Structures are given as C-alpha cells and as structure tokens.
Amino acid sequence: MGTGYLALTDADREAMLRAIGVSSLEELFADIPEQLRLERELALAPAASEVEIERELTALAERNVHVGRELSFLGAGVYDHYVPAIVEAVISRPEFLTAYTPYQPELSQGVLQAIFEYQTVICELTGMEVANASGYDGATVAADACFMAAHATGRGKIAIAETVNPQVRQVVKTYAPGFGLEVVEVPHSGGVIDPAAFLAASQGAAAAIFQQPNFFGCLEQAPDLARAATGAGALAVAHVDPLSLGVLEAPGNYGCQIAIGEGQAAGNRLSFGGPHFGFLAAKKDLIRRMPGRIVGETTDRRGRRGFVLTFQTREQHIRREKATSNITTNQSLCALAGLVYLSWLGSNGLCKLGETCTGLVELLKKELDLPLAFAAPSFKELAVHLGRSAEEVVREAKKKGVNPGYPLGRDYPGMEDVLLVAVTEKRSPADIERLAEVLGEVLA
Amino acid sequence: MSDWREEPLIFERSRPGRCACSLPHYELPKATVPTDLARAEAPRLPELAEPDLARHFSALAERNFGVDSGFYPLGSCTMKYNPRLNERLAALPGFADLHPHQLPEDAQGALELCFLLQEALAEISGLDTVSLQPAAGSQGELTGLMLVRAYFQDRGELEQRRKVVVPDTAHGTNPASVTMSGFELQPVKTDARGNLDLEDLRRVVGPDTAALMLTNPSTLGLFEEGIVEVARLFHEAGALLYYDGANLNAVCGISRPGDMGFDVVHFNLHKTFSTPHGGGGPGAGPVAVRRALEPFLPVPRIVRGKDGGFALDCDWPKSIGRVRGFFGPFGVFVKAYAFIRVYGPALREMSEAAVLNANYLLARLKDVYELRYDRLCKHEFVLSAAQLKREHGISALDVAKRLMDYGIHPPTIYFPLVVPEALMIEPTETESLETLDSFIDAMRQIATEAAESPELLHEAPHDRPVERLDEAAAVKRAIVRYEFGESAPEPG
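Protein sequence lines correspond, in order, to chains C and Z. Under numbering that gives the first Met the number 0, think of the first position of the first sequence as 0, with each following residue one higher. Under numbering that gives the first Met the number 0, think of the first position of the second sequence as 0, with each following residue one higher.
Do not rely on the hints blindly, as some may be mistaken.
[Said to hold, decoys possible] Stretch by stretch, here's where chain C covers chain Z in the computed footprint (C-beta under 8 Å, at least three residues):
#1 28–36
#2 88–98
#3 224–233
#4 334–344
FYI, nobody ran anything at the bench for these hints, they're computed from the structure. Since this is a predicted model, take the numbers as computed values, not measurements. Glycine residues also receive a C-beta, built at the ideal position from the N, C-alpha and C atoms.
Let the sequences and hints guide you as you build the complete structure.
Encoded structure:
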C-alpha cells in the first residue's frame with residue numbers, strides 16, 4: 000500500500016487507529032451514506048513508478064514541435080523572449096515554490112517583500128501608483144478592470160477596441176453578463192483605432208479599453224485614445240506589453256487611469272499558454288476598488304520594516320458577497336519570475352531590448368519585402384499581406400522548418416491573406432533572412 | 000530575540016550603471032518610435048549585477064516558509080508535499096517551450112495530456128465531461144456559476160431563478176462568486192451536528208432557487224450526512240448542485256461528487272493534486288459537469304477526433320465563451336497528471352491517509368482545545384481557542400504565532416466564522432507520525448504555556464525576521480510601492 004509520498008507504516012496506522020478508538024480505516028468513513036460509497040477502484044491508468052512516468056510524459060512532450068525544433072515567428076499575445084537562468088534558479092527555491100499565500104506575515108516576509116518589489120516594478124513600468132499582486136492572465140485582468148470601472152463610475156457599458164487581443168475581448172464578453180455590463184467593440188480603421196470613433200463609443204461607458212502595441216503589432220495613437228476615453232467620462236484602460244515600456248510611453252503618463260497586461264513575456268516560458276500572470280495597476284484613488292492581493296509596508300513593534308497583505312477589507316474572505324472580486328490564489332510565482340526578469344534587465348536592458356525589437360521589425364520589413372497590411376509603426380510584430388491563404392502558407396513553410404507566424408484571418412474575417420510575424424531578441428538577422436527565403440520559396 | 004538582518008529592498012541595492020543582463024548585439028537598421036508615443040523618461044527598474052541579484056532573492060527565500068521548510072497544516076489549503084518529479088516534467092522543452100498558437104497537429108502530445116487529465120478528473124468526480132480552462136479555484140467557481148446561469152437562460156428560467164444558496168460555513172469566495180455571476184446570495188445555517196440545517200434549507204429552497212454551492216466535506220471537515228436529502232430537495236425544485244472542490248482531498252476514490260448528486264464540480268489542482276502553490280499561485284480550477292451542462296462549457300474544448308488525434312473544438316454555440324487565455328494553466332496540468340499517475344486506481348489511499356492523519360490529530364488534541372462538533376472528521380477539523388481566551392486571555396492568533404516558535408506553520412485561523420477563535424487544521428496525507436506527534440506536543444505545550452506564561456504567547460513569534468506587524472498602520476500609511484528618493488538604509 001502507498002506510494003513514496005506517504006510516510007505511514009502499517010504499525011503507524013494501527014497505533015493511530017487505536018488512538019482514535021476505531022478498529023479500521025473504513026470506520027473513519029462511516030458518516031458517508033452507504034449508497035454514496037464507491038464500491039470499486041477508480042478507473043484510472045495503472046499506478047506507475049517515477050521512471051515509467053518520466054518515460055511516458057517525455058514521450059508526450061517529444062510529440063510537440065516546440066520553439067527549439069523549428070524557427071518560430073509565432074507571437075500574437077505570447078512571446079518567445081529569452082528567460083535567463085537566474086529566473087529558474089529563484090523560482091525553484093522551495094521556500095517560494097512550496098509556500099501558500101502569505102497569510103502569516105512573520106513566516107512570509109520573503110514572498111511579501113518580493114510582491115512589494117513587484118508592485119513597484121509594475122507601477123514604474125506603467126506610470127501608475129498602485130498595482131495588485133497579479134491576476135490570472137492578460138485576459139482576466141481586463142475583466143477585473145471592467146468590474147472596477149463599473150463600480151467607480153456606476154455606468155453599465157464597456158467600450159473595447161477591436162484591435163485588442165481577441166482572447167481578451169472574449170473573456171471580457173464572458174464576464175460581462177454577470178456584471179450587468181454591455182460590451183461595445185470599436186472597429187479599426189487601417190489597423191488602428193480612430194480617436195473620434197473611440198470618443199463616440201466611450202460615451203456612457205464605464206471603461207474604454209485599447210491595446211498598445213495593438214494585436215496587429217501597430218502603435219495606436221495612445222495619448223489621443225486616452226483623452227477620448229476620459230473626455231467621455233470613461234476610465235481609460237491601456238493593455239500594454241511590459242517589454243515595450245522602455246521605448247513606449249507609460250499609460251499613466253498619458254492620462255490612463257488603469258494599465259493592464261499579459262506578463263508572460265517577462266520571464267515566463269511559453270508553456271502552451273500558461274501558467275503566466277496578468278498585471279493590473281491604477282491611479283491611487285482606485286485602490287479600494289482593486290481586486291486581488293495588495294502588499295503594504297508597515298513596522299513591527301520594535302520598529303523594523305515589514306510587509307503585510309493590506310486593504311483586505313476589499314477582499315472576499317472579509318467582505319464575502321460585497322467583495323471587489325472573488326480572487327484568492329493568483330499567480331505569485333509567475334509574477335516573481337517577472338520581478339526577477341525585470342530586475343535582471345534593469346532600466347538599460349529594458350530600453351535596449353525595446354530598441355532591438357523595433358530594429359528587428361525594421362529589418363523584417365526590408366527582408367520580407369511584402370506589402371504591409373497596415374501603415375502604422377510597429378513594435379515587435381508585423382502584419383503582411385501574402386496574396387494567398389495565410390493558413391496554407393504556414394503549413395507549407397513549416398515543412399521547411401519555419402513557422403512564419405499567426406494567420407490573422409482566424410480572428411478577423413477578410414484578413415485571410417494576412418500573416419502576423421513576431422520577433423524577439425531570440426531571432427537573429429540570419430533567422431529573419433531564412434524566414435524571407437522560405438516565404439519567398441512558398442509564395443513563388 | 001531574533002538576529003535576522005533586514006534585507007534591503009531591491010531598489011535600495013540598485014546602483015545606476017549596473018546591469019545583470021546580457022543581450023545579443025545585432026547590426027540592425029535604425030528604427031525610431033514616433034516622438035509623441037516614445038517614452039520620455041525610462042522606468043526605474045533595479046540595476047544590479049547578477050551576483051547581487053542572486054543574493055537578494057536568496058535572502059528573501061530564507062525569510063519564507065514552505066512545505067519543504069516544515070509542517071504546514073493550513074486548513075482548507077491542502078499543503079501536501081509537492082513532488083519534484085513534476086517540476087522536472089513540466090520543464091521539458093516539449094511542454095515548457097511549446098507555443099500555444101502551435102498548430103494542433105504539432106501539439107498532439109500536449110493536447111493528449113490535457114485530454115487524459117480531463118478523463119481522469121471526470122472519473123474522480125463521477126461526472127461526464129471536463130473543461131480545464133479556469134485558472135484557479137475561485138475562477139472555477141465563477142465558471143461553474145456562469146454555466147448554471149447559461150443553463151437556466153437556455154431554459155428560459157433565468158429571470159425566475161435568482162438565488163444561490165450558500166451555507167454560513169462556506170469559503171468567502173463562494174458568496175463573492177455568486178455576486179460576480181449576477182446571482183443573489185441566500186445564506187443557510189449549520190445545525191448542531193455541523194450539517195446543513197435541513198429545516199432552514201426547506202424554508203429557502205423554491206422556484207427562485209438556481210443552485211446550491213456546497214463544500215463537502217465542509218470547511219468544518221465534516222461530511223454532509225444529509226447530502227442525499229439535500230440533493231433531492233434541490234433537484235425537485237428544479238435547481239442545480241455545485242460542488243466546491245477545495246476539500247476533495249478527503250474523498251477521492253471513496254465517494255464521488257457526481258454520485259452525491261452534484262451537477263457541477265470544480266477542482267483545485269494545487270490542493271488535491273499536489274501542484275505547488277508558489278506563495279499564492281499559480282493554481283488551476285478545472286470544472287466537471289453533467290451532460291446536460293456540457294453545451295455551455297468554455298471553448299475551446301479539447302476533444303479526441305474520429306481518427307484518434309486530438310483537436311480544439313469551438314463549435315459549441317451555447318458556450319459561455321472563454322474564461323481565460325488559451326487552454327488553461329497547462330504547466331499545472333502536467334504536474335497534476337503526473338501525480339495522478341503515481342496512485343492510479345488506488346488514489347483512495349491518498350484520501351484515506353489524509354483522513355487518518357486528521358482524525359489522529361483530532362483525537363489527541365480535543366481534550367485540550369474545545370471541539371464544537373464532536374464527530375469523526377474527514378481531512379481537516381476545527382478546534383477553538385475560546386476556552387484559552389476566557390481563562391487566560393489567549394487568542395487563536397496567539398496560538399498561531401507561538402506555533403512558529405516551534406517551527407510549525409499555523410493552521411487557518413478565525414475561519415470558518417461559525418466557530419469562535421477557530422483553528423482549522425489540515426495535516427494532509429504526506430506527513431509522518433513523528434511530524435504529527437511533534438505538532439501534538441507543541442499544541443499541548445502551548446495550552447500549558449497559556450496558563451503558566453501567557454506573555455510567551457502574546458509576544459510570539461520570537462525568532463522570525465519580524466515580530467507581529469502593525470496591520471492597521473499599513474492601511475493608514477498606504478505604502479504599496481517603493482518611493483524613490485529615500486536614502487538607502489545603513490548596511491548591517
């Protein structure tokens with residue numbers, strides 16, 4: 000009986016049953032009505048040893064074509080940036096890895112201080128004054144922002160740009176009926192949002208959400224969009240790429256009240272879409288409407304600095320049905336990876352990384368020499384016309400060992416020939432040349 | 000007195016011009032961001048060389064306590080050992096470096112793993128079908144209630160069915176999820192045995208009831224003895240039953256929520272299935288449902304095609320939509336699946352050991368701490384420090400803090416709310432008898448100290464990096480980020 004994860008011996012069990020005053024394990028379950036007891040073993044695959052499990056899962060892993068096995072230009076929300084070794088070294092420390100949420104501050108100063116530092120880094124990136132300890136991902140934090148804005152403004156509508164990541168928009172729409180919110184999408188014009196259209200859609204809206212750089216990789220006229228939103232009395236919400244914020248202006252510096260985003264690119268591996276983290280930051284007057292954990296600084300009775308979970312009266316375990324959110328477990332370890340990564344980069348590294356991305360996109364334009372889908376400047380993704388089905392081109396290019404990008408027609412009817420190509424510092428100029436060569440062959 | 004040194008904030012260790020990173024240098028064409036969109040002033044990220052980065056986070060790790068540091072009987076959180084094999088497997092390049100937009104035909108191994116996990120969870124829950132998408136337990140709850148909502152909307156009953164019944168012992172997430180999904184909360188009481196109060200329940204269940212949200216065993220660690228009658232009551236009223244899987248560790252392979260009459264279940268893979276909690280996530284909160292609710296599950300669904308291959312299926316017009324990006328926290332699925340493979344059909348041995356450990360602690364502690372509901376427990380139980388409070392002015396908080404001096408993480412305290420000065424204790428199955436005995440010794444010793452030297456408890460903990468912290472001051476001062484411009488503290 001038992002696995003290597005169980006420590007009780009037969010003798011232990013007998014002694015324990017005696018101490019409890021029962022004669023068998025079955026007696027411990029006497030309170031379960033007989034007709035509800037499962038009278039058979041679970042129909043699960045036979046128990047396996049560690050060696051066998053490793054063999055079995057390694058075989059499954061090897062059936063996947065990961066980014067090390069093809070030259071990949073996939074992005075569209077999740078990016079193959081380099082994850083430095085120090086990140087894995089830190090997040091595999093068992094004191095971080097195996098801890099629960101820091102309910103007992105005296106035993107959790109490590110995690111609490113790290114979250115405080117994380118909050119600061121997120122505020123610095125976004126130009127905001129308060130950040131929470133993380134949300135599930137870049138999509139759910141958008142729903143969180145809607146909930147905050149609905150309560151802050153008392154309005155019942157959300158305006159969201161069509162150039163926001165489709166998955167983010169889908170999650171907002173899934174949450175909206177429960178919040179009693181109507182969602183209006185603002186169509187793009189030439190790959191970006193027209194501020195006048197954004198202003199019109201923001202009338203009566205609690206929040207107006209745009210993405211910078213947007214899903215097409217284009218730079219929006221973000222300050223104009225923020226002005227349009229706030230001009231209509233809505234909270235301006237920017238969904239941003241954290242790694243763009245060395246070269247692109249911070250949302251808090253051009254009039255947004257809330258900044259959100261997907262943190263994956265900062266120190267988290269692709270992992271087939273998760274776990275990653277979402278970040279959410281805001282101006283200070285919104286602190287009591289924020290969902291999730293917030294860490295604050297305080298002192299102990301000897302005057303030493305320490306950190307605690309704070310403003311907990313917003314939260315579900317205190318406020319129950321009147322809470323700002325139901326969130327408890329968030330993405331601490333992924334956010335910690337984000338903190339370590341951004342600390343590894345530092346200010347100069349972040350700026351240099353951003354310049355590398357824009358430079359690579361420039362090279363991409365030159366090397367591919369394909370008609371651009373949109374005229375607006377790009378950060379690290381470029382949408383190009385292929386003149387034929389992008390899905391077909393992807394399949395043909397993959398046969399030559401290159402995954403050339405994401406077909407935008409999957410989400411945008413009418414864009415069936417548009418390919419979204421992403422670069423990161425892991426793609427070299429030689430890689431881009433190879434992409435151009437393969438696309439040239441496929442399109443010839 | 001503790002001799003911990005303060006670890007400066009990473010910003011206080013920062014010096015302009017230092018940098019840990021090394022990035023490739025490419026010869027690239029010049030690209031400029033339009034001036035009105037360009038960053039005017041760079042964000043002040045920490046500037047450290049890598050050795051100091053390593054020391055900083057090492058110092059922070061040392062100031063934290065995990066399951067590997069010692070016993071962690073935090074009630075309802077199921078702090079069991081996190082097998083290291085699973086970390087290694089989730090980090091395999093074929094999983095960790097797989098892009099979620101990869102074509103399904105080039106991600107068959109990952110999709111198959113998801114499919115196998117779905118099948119295993121369906122079998123464990125006794126329900127028909129599973130979505131892995133929700134990111135955590137509370138999102139699983141919310142997803143479950145969205146499914147209930149969609150189900151009644153489809154039947155034209157949503158206007159009528161506004162209420163979700165939640166017992167007073169429930170986790171705070173339950174009522175919060177009720178509000179977020181647009182329902183109204185209908186609380187019900189707990190009876191003298193710690194079960195749902197059937198009289199109260201009969202009074203509140205009616206044509207306006209949408210669902211019951213129940214944790215079974217409850218947060219008191221007690222199996223709901225009247226569950227068959229409770230399920231009948233709700234189903235006869237046309238309502239659904241929702242199972243909060245936070246306490247599933249008590250009953251795996253022993254009794255299945257689907258067999259109990261539940262229609263929707265959420266799992267906490269980071270509790271029952273051993274995936275590490277990471278200091279507050281990532282978790283994973285898959286949901287399982289009865290066939291009647293399947294049309295409403297989140298998309299994309301992961302399905303097996305006729306050719307035996309695995310595919311993404313979005314063709315569910317009644318779906319609630321997406322609750323999170325992509326397919327869910329895949330890396331967590333790898334770990335949970337590997338864990339289930341270790342036990343296989345004998346998964347009940349896990350729950351049996353968890354329940355045995357809890358009952359052993361209960362039997363050896365109930366003479367020194369009050370026990371409100373004196374029954375056999377399941378995977379956890381709730382003691383009360385109310386007597387210590389009356390007689391010696393010692394609170395549950397004092398007991399919790401003193402446990403730290405014994406190298407033990409405290410139980411969950413002041414929850415559930417129906418027990419005053421609550422100490423909610425969940426040992427899990429992975430603890431040895433010696434560890435359980437040392438906890439018993441510590442708890443009994445603390446009860447003695449409460450009478451003989453209460454100041455030891457009031458002043459605890461004694462050897463941690465900080466003593467008790469002023470939480471009211473934290474709210475008042477509202478310092479939630481580092482303010483630049485302050486001088487760095489003196490070293491040492």
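Now the hints, each set against the structure:
| no. | hint | result |
| --- | --- | --- |
| 1 | 28–36 | holds (count 8) |
| 2 | 88–98 | holds (count 11) |
| 3 | 224–233 | holds (count 3) |
| 4 | 334–344 | holds (count 8) |
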